[in-house]
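Taken in order, these protein sequences are the chains called L and V.
Counting along the first sequence from 1, when you hit position 206 you're at 220 in the working numbering, and nothing is skipped either side.
Counting along the second sequence from 1, when you hit position 92 you're at 106 in the working numbering, and nothing is skipped either side.
Don't read these hints as lab results, they were simulated from the structure.
Hints are supplied without guarantee of correctness; some may be wrong.
Heads up, the list lumps identical chains together, so a pair's fine if it works in one copy or across two of them.
Below, in silico cross-link-like pairs of lysine-lysine (DSBU-like), each with a Cα-Cα straight-line distance of 35 angstroms or less [to be verified]:
1. Lys225 <-> Lys294
2. Lys115 <-> Lys195
3. Lys225 <-> Lys293
4. Lys171 <-> Lys102
5. Lys194 <-> Lys293
6. Lys115 <-> Lys31
7. Lys115 <-> Lys171
8. Lys225 <-> Lys102
9. Lys40 <-> Lys115
Note that the structure is a prediction, hence the values are computed from the model and not measured.
There are 2 protein chains.
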Amino acid sequence: MAEILRGKAVVAALKEKMISDVEALKAKGIIPTLAIVRVGERGDDIAYEKGATTRCKGVGVEVKNFILPEDADQNDLLQVIDQINNDKKIHGCLLFRPLPKHIDDDTVRRALNPEKDVDGITDISMAGVYSGSDVGYPPCTPTACMEILEFYGIDVKGKNVVVVGRSLVVGKPAAMMLIKKHATVTVCHTRTVDMPSICRNADIIIASAGKASVIDESYLSPGQIVIDVGINVDDEGNMTGDVDFNAAEQIVAGITPVPGGVGTVTTSVLVKHVIEVAKKQ
Amino acid sequence: MAEILRGKAVVAALKEKMISDVEALKAKGIIPTLAIVRVGERGDDIAYEKGATTRCKGVGVEVKNFILPEDADQNDLLQVIDQINNDKKIHGCLLFRPLPKHIDDDTVRRALNPEKDVDGITDISMAGVYSGSDVGYPPCTPTACMEILEFYGIDVKGKNVVVVGRSLVVGKPAAMMLIKKHATVTVCHTRTVDMPSICRNADIIIASAGKASVIDESYLSPGQIVIDVGINVDDEGNMTGDVDFNAAEQIVAGITPVPGGVGTVTTSVLVKHVIEVAKKQ
């Protein structure tokens, strides 16, 4: 039976460190603050906002909410971003996307000051994660994968890691972060031929296929570590990952559960980034 | 015996297209122009400059040279970059790097207008190649690899491509461009364990290890295509690639020679980028 790599323990370890960091900052008169910008009332966004807010409060990070109506003008949103850019008391900004269709995503995300881009959406953050330099921040989800691997003592150096998915939110940044940590990285996607055999040869699989339970026993082999990034909701309203957990548990050495795995750690990474910005101040 | 994938034929095809593009631009009063910025008198730079200049003239693209002494001040160089940024008659800029140690590379490359960044050195170009969007330009060498594959009718879609090397000049951008073209891409590097067996399983190998003839018969298998990006000079002054060409020629289906392969196409890509900028004007 596989070791279950729960996010909870990772979150607890991160929290302890963050609390002491925030205390040190507050002693210097700095209150780390996250701006959350939401356009409209999408359920997913509101749920994430609640989770992030709880996580912030839990370590003493302040949250400022900027909520615009679904039909808000692009300029209204740009004005909010501008206000955040110029407010020295705000350290990081989480902007929910996709934005409504009448708003140009590129224009808005490029308007954000990269130094406050704690969720890795600006070009500068992308260049940073791509080049492996210390500019901006990588997106929170792949960073959560790295935090889990690190917490459970799984060294990726020289390991064969297969990343399933090539999105800008998970697959590509995960690949870049893994290469930086000296993993040999293979990026698979919908056009990959014989993905099961490629995955079977991996030491570590990062599963972000975006399809429920698509990674089944044919993709897996003994000794592997599987990080399941998928969040899917089945017909009965249950949350499931991209990996067939029951099958995987019988085969691999370690696997993150869904829920309770990567998703749990993601908001902690967001808060950690906010604190890092505040520390640079 | 492998098919020899010579750069010359690729260059000829690109040249034909470029000549007609330049004619069309000149009819509109636009003369595509490349600025070449060199600090110091390094032999490699001067050789590349000569090659690029010849390639430009051959299709009717103008070249403006900006040559600074080795001990030039950083501000002098920034002033040159600023002049290039503001000159509407200059469409692209090639800046030789590495710069002398007293000049900060990040400051200088970030000063260049990304729209004129035909050699892919700015953060915006990096974000563009990483995200697969149409911002800036990818570096010329990996683009030359893609041009060769395309010219010889080698479709990368669904193919297993191994990129040896993770540099920002070749390995990473090559990986990103290949992923965009739907290849399944594995990035290997110095920390990779058992690189020969990983390479043997590839359909296509992009070799940019930076070490002469390191890719020998143990890395190769029948039917493969090998793109050799290496440029090494042996004790007798002969230029060799990163692949043991004589061994490879007996095994694989197709291979680029060194010299006469990727390097030959690189300057054509540079000129092509200049023309593309001019076309956007």
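* To do: List, from low to high, the hint numbers that the structure doesn't satisfy.
  => Hint check: 1, 3, 4, 6, 8, 9 fail, others pass.
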